[in-house]
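Chemist: Here's the letter readout for the chains.
There are 2 protein chains.
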Amino acid sequence: MTTFKQISGNVCAPLGFKASGIAVGLKKSQKPDLSLIYSEVPANAAGVYTKNKIKAAPLLLTKKNVKKGQLKAIITNSGNANSCTGKEGKQHAQQTMEELATQLKIKPHLVAVSSTGVIGVSLPIEKILTGIPKLTEQLAHDGGEAAARAILTTDTFIKEEAIELKLSNGNKVRIGGISKGSGMIHPNMATMLAYLTSDINISAELLQTTLTMVVNNSFNMISVDGDSSTNDMALVMANGMAKNSQITSVKDPDWEIFYHGLSYVCTSLARQIAKDGEGASKLITVNVHGAKTTKAAKCIAKSVISSSLFKSAVFGNDANWGRIACAIGYAETQIKLQKLVIALEDLTLFANGLPIAFDETLAYSLLDKPEVVINVNLGMGDKTATAWGCDLTYDYVKINAAYRT
Amino acid sequence: MTTFKQISGNVCAPLGFKASGIAVGLKKSQKPDLSLIYSEVPANAAGVYTKNKIKAAPLLLTKKNVKKGQLKAIITNSGNANSCTGKEGKQHAQQTMEELATQLKIKPHLVAVSSTGVIGVSLPIEKILTGIPKLTEQLAHDGGEAAARAILTTDTFIKEEAIELKLSNGNKVRIGGISKGSGMIHPNMATMLAYLTSDINISAELLQTTLTMVVNNSFNMISVDGDSSTNDMALVMANGMAKNSQITSVKDPDWEIFYHGLSYVCTSLARQIAKDGEGASKLITVNVHGAKTTKAAKCIAKSVISSSLFKSAVFGNDANWGRIACAIGYAETQIKLQKLVIALEDLTLFANGLPIAFDETLAYSLLDKPEVVINVNLGMGDKTATAWGCDLTYDYVKINAAYRT
Numbered sequence: 003m004t005t006f007k008q009i010s011g012n013v014c015a016p017l018g019f020k021a022s023g024i025a026v027g028l029k030k031s032q033k034p035d036l037s038l039i040y041s042e043v044p045a046n047a048a049g050v051y052t053k054n055k056i057k058a059a060p061l062l063l064t065k066k067n068v069k070k071g072q073l074k075a076i077i078t079n080s081g082n083a084n085s086c087t088g089k090e091g092k093q094h095a096q097q098t099m100e101e102l103a104t105q106l107k108i109k110p111h112l113v114a115v116s117s118t119g120v121i122g123v124s125l126p127i128e129k130i131l132t133g134i135p136k137l138t139e140q141l142a143h144d145g146g147e148a149a150a151r152a153i154l155t156t157d158t159f160i161k162e163e164a165i166e167l168k169l170s171n172g173n174k175v176r177i178g179g180i181s182k183g184s185g186m187i188h189p190n191m192a193t194m195l196a197y198l199t200s201d202i203n204i205s206a207e208l209l210q211t212t213l214t215m216v217v218n219n220s221f222n223m224i225s226v227d228g229d230s231s232t233n234d235m236a237l238v239m240a241n242g243m244a245k246n247s248q249i250t251s252v253k254d255p256d257w258e259i260f261y262h263g264l265s266y267v268c269t270s271l272a273r274q275i276a277k278d279g280e281g282a283s284k285l286i287t288v289n290v291h292g293a294k295t296t297k298a299a300k301c302i303a304k305s306v307i308s309s310s311l312f313k314s315a316v317f318g319n320d321a322n323w324g325r326i327a328c329a330i331g332y333a334e335t336q337i338k339l340q341k342l343v344i345a346l347e348d349l350t351l352f353a354n355g356l357p358i359a360f361d362e363t364l365a366y367s368l369l370d371k372p373e374v375v376i377n378v379n380l381g382m383g384d385k386t387a388t389a390w391g392c393d394l395t396y397d398y399v400k401i402n403a404a405y406r407t
Numbered sequence: 003m004t005t006f007k008q009i010s011g012n013v014c015a016p017l018g019f020k021a022s023g024i025a026v027g028l029k030k031s032q033k034p035d036l037s038l039i040y041s042e043v044p045a046n047a048a049g050v051y052t053k054n055k056i057k058a059a060p061l062l063l064t065k066k067n068v069k070k071g072q073l074k075a076i077i078t079n080s081g082n083a084n085s086c087t088g089k090e091g092k093q094h095a096q097q098t099m100e101e102l103a104t105q106l107k108i109k110p111h112l113v114a115v116s117s118t119g120v121i122g123v124s125l126p127i128e129k130i131l132t133g134i135p136k137l138t139e140q141l142a143h144d145g146g147e148a149a150a151r152a153i154l155t156t157d158t159f160i161k162e163e164a165i166e167l168k169l170s171n172g173n174k175v176r177i178g179g180i181s182k183g184s185g186m187i188h189p190n191m192a193t194m195l196a197y198l199t200s201d202i203n204i205s206a207e208l209l210q211t212t213l214t215m216v217v218n219n220s221f222n223m224i225s226v227d228g229d230s231s232t233n234d235m236a237l238v239m240a241n242g243m244a245k246n247s248q249i250t251s252v253k254d255p256d257w258e259i260f261y262h263g264l265s266y267v268c269t270s271l272a273r274q275i276a277k278d279g280e281g282a283s284k285l286i287t288v289n290v291h292g293a294k295t296t297k298a299a300k301c302i303a304k305s306v307i308s309s310s311l312f313k314s315a316v317f318g319n320d321a322n323w324g325r326i327a328c329a330i331g332y333a334e335t336q337i338k339l340q341k342l343v344i345a346l347e348d349l350t351l352f353a354n355g356l357p358i359a360f361d362e363t364l365a366y367s368l369l370d371k372p373e374v375v376i377n378v379n380l381g382m383g384d385k386t387a388t389a390w391g392c393d394l395t396y397d398y399v400k401i402n403a404a405y406r407t
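Sequences listed follow chains A and B, in order.
Add 2 to a position in the first sequence, counting from 1, and you land on the number used in the numbering used here.
Add 2 to a position in the second sequence, counting from 1, and you land on the number used in the numbering used here.
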């Protein structure tokens, strides 16, 4: 395994990155709502996007730009998704890109534009255009936290992570990231944004391959409510300022080091998103062992983490393992009931096709914690998967009953 | 279209059916928990079952018996699902079947056994065996309501429906039904039970075909929380006491009359289940028009009705149509955003790829009703589908946070 150390910080941890975040009045609360991440030199870039067939205008624009392989800036507004907004929405995304490019004196295609918030409301574009000069002026090497704050919607805390790792020749490289989530979080990107930065030198093509692999085991393994939004994306910029010789193949030993580092950062951000699910009081981790295939393991883990009944039971500290069995049973993969083991941490609840008598007081105490861990063993092979989610609480309903008001 | 009249009653409405329901102490509340439906003559029978790969012991036994083509009795206990209970569970289902057959002096394979309630707890079989003599003694032509009551778990009201229809030669036949639902309701049977009776004379084979068709458009189009249980089934008994000449083909004009009648009864029961979803305050109907295929229409309707975000918005009387668009977008079928129309009853919210300015006060009043109707038109063809569900409320979470306690 790769060794690396966790460091304080975020997207500004790697060399050559600045960020900023300000309020321009898109949110009624007057909280920060315009965010910028900037690389001093053009960075190779890659992206993974929502699978929702309705895609927001900024996402489509960003996808086109990222395809060219490089970015210098990512601008995000929160409070308005600029989705289902027709031709005007496209114009607004375009205007945002052009105005930022003008201010930064860079080519427009080096700008990624992103929006998150309510769907189907026209973007107050003047507020954004007016804000851009201030946003660029405030770019700073310690601006990552402000940027992380300005991308939030119903999130209750900022999500950030940074690590430092050593390549095979001793070169130090860093990876940082910020993200936002909350409701509408589900496998296949859903309502979440994640921005990763690194000073590593890696080809754009390999960066794309790496990001896709990493996202499949991190952001695509979390679920808050099963909904997938029109705006979700994960973007990575790698600007090469660490000056290692460019990594172009998965066979390069440095690639594996980078892969594990990026996995760590994305998994950390994914867990933070799950923990901050709307109304959530607990992070739930579902580990599936003993599957015949990784696909089967993921399928079971996602089915359990997405069950409203199971999530409600966790909220109530109720070791109702029948709901776990049930969610395993309706997952789209075969199981053998006789071989199935369901445990709460190490406390076995079901095995050999039968309920196991367990200490209810111990079970309650294992459920009454900030992180609840469910271990499922299918007894059919050696593949594993992990999914993360949160409990379903009164507050989830409260937050979503009147989101627009 | 077939004409028929709605009549008062339930499974006892058709000729030759009796029912009963008593309390034997499976429920802590001491509410009725053992139910029986009985046909005076052997009835042709058919069943549709959960697609969950974990199936409860009674369900497996019933499936085997129904396959033989006839039933005389359906016994159901609520309060305990007898699921994930191993060999003992199988024995308990078998004992229930045998004891009831003995009491009724019929062959055991004419008995269907069914259970609903908590998973993975050993069935207190003595209470059931002790209760069976009283259950059979109380069989009565007006016992349908007692039977309907004794199959409930967290349901707040009994579900029943009955109609009378005229066959082509003037013969009158009746169809009746009862059901239970509440949580864990979703397409593909989920946690629900439905029992249908008729005095029509129809072959067992055609009855099975008909039931499968009807269930696909009724019980399989409702969703409460996306969970599918281990115990769900719909059973129908047709005892032939109306003395029509046996219907054996879908080409028989009487078949269509029966098909529409059974559809009406099952749709009515499905709507009642959706309306009584755990914690629900409203019935939601999603009509999808203009689809290229029925499959696509169903897929979109189910996706919208299953969205937690949309369901929460309906609870809050919030016309947040973006969540409907979003759920349409992540359904597994193609759409054209420019052709999509989303309306709340007749109030258009989205069309031509753009939000439509609408009267928020009117929208609020259309949402603040016992039944909320969403109309979606895909503008791509002439196929339609309807799905039913309920809003997501604080009470859903409350009910499910501590179900076992």
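Hints in this document: simulated from the structure, not taken from any laboratory.
Check each hint, because a few of them may be wrong.
Which copy? The list can't say, so a pair holds if one copy fits it or any two copies do.
[Said to hold, decoys possible] Taking lysine to any residue pairs in the SDA-like style, the calculated list, with each CA pair at most 20 Å apart, reads:
| id | residue 1 | residue 2 |
| --- | --- | --- |
| 1 | 253 | 67 |
| 2 | 89 | 295 |
| 3 | 53 | 301 |
| 4 | 57 | 251 |
| 5 | 341 | 172 |
| 6 | 129 | 384 |
| 7 | 92 | 386 |
| 8 | 297 | 334 |
| 9 | 297 | 338 |
| 10 | 7 | 141 |
| 11 | 400 | 254 |
| 12 | 174 | 140 |
| 13 | 66 | 379 |
| 14 | 168 | 381 |
| 15 | 341 | 382 |
| 16 | 136 | 255 |
| 17 | 168 | 301 |
| 18 | 338 | 270 |
| 19 | 57 | 340 |
| 20 | 92 | 353 |
Chemist: For each hint, tell me whether it holds in the structure or not.
Modeler: To see whether the hints hold, each was checked on the structure:
no. : hint         : result
1   : 253 with 67  : neither (28 Å within a copy, 60 Å between copies)
2   : 89 with 295  : neither (45 Å within a copy, 29 Å between copies)
3   : 53 with 301  : both (17 Å within a copy, 16 Å between copies)
4   : 57 with 251  : neither (32 Å within a copy, 48 Å between copies)
5   : 341 with 172 : neither (47 Å within a copy, 57 Å between copies)
6   : 129 with 384 : neither (54 Å within a copy, 44 Å between copies)
7   : 92 with 386  : neither (42 Å within a copy, 32 Å between copies)
8   : 297 with 334 : both (10 Å within a copy, 19 Å between copies)
9   : 297 with 338 : within (16 Å within a copy, 31 Å between copies)
10  : 7 with 141   : neither (26 Å within a copy, 73 Å between copies)
11  : 400 with 254 : neither (50 Å within a copy, 53 Å between copies)
12  : 174 with 140 : neither (28 Å within a copy, 82 Å between copies)
13  : 66 with 379  : neither (42 Å within a copy, 30 Å between copies)
14  : 168 with 381 : neither (38 Å within a copy, 56 Å between copies)
15  : 341 with 382 : within (8 Å within a copy, 47 Å between copies)
16  : 136 with 255 : neither (43 Å within a copy, 76 Å between copies)
17  : 168 with 301 : neither (35 Å within a copy, 49 Å between copies)
18  : 338 with 270 : neither (33 Å within a copy, 37 Å between copies)
19  : 57 with 340  : between (44 Å within a copy, 13 Å between copies)
20  : 92 with 353  : between (55 Å within a copy, 17 Å between copies)
Checked against the numbered hints given earlier, the structure breaks hints 1, 2, 4, 5, 6, 7, 10, 11, 12, 13, 14, 16, 17, 18 and satisfies all the rest.
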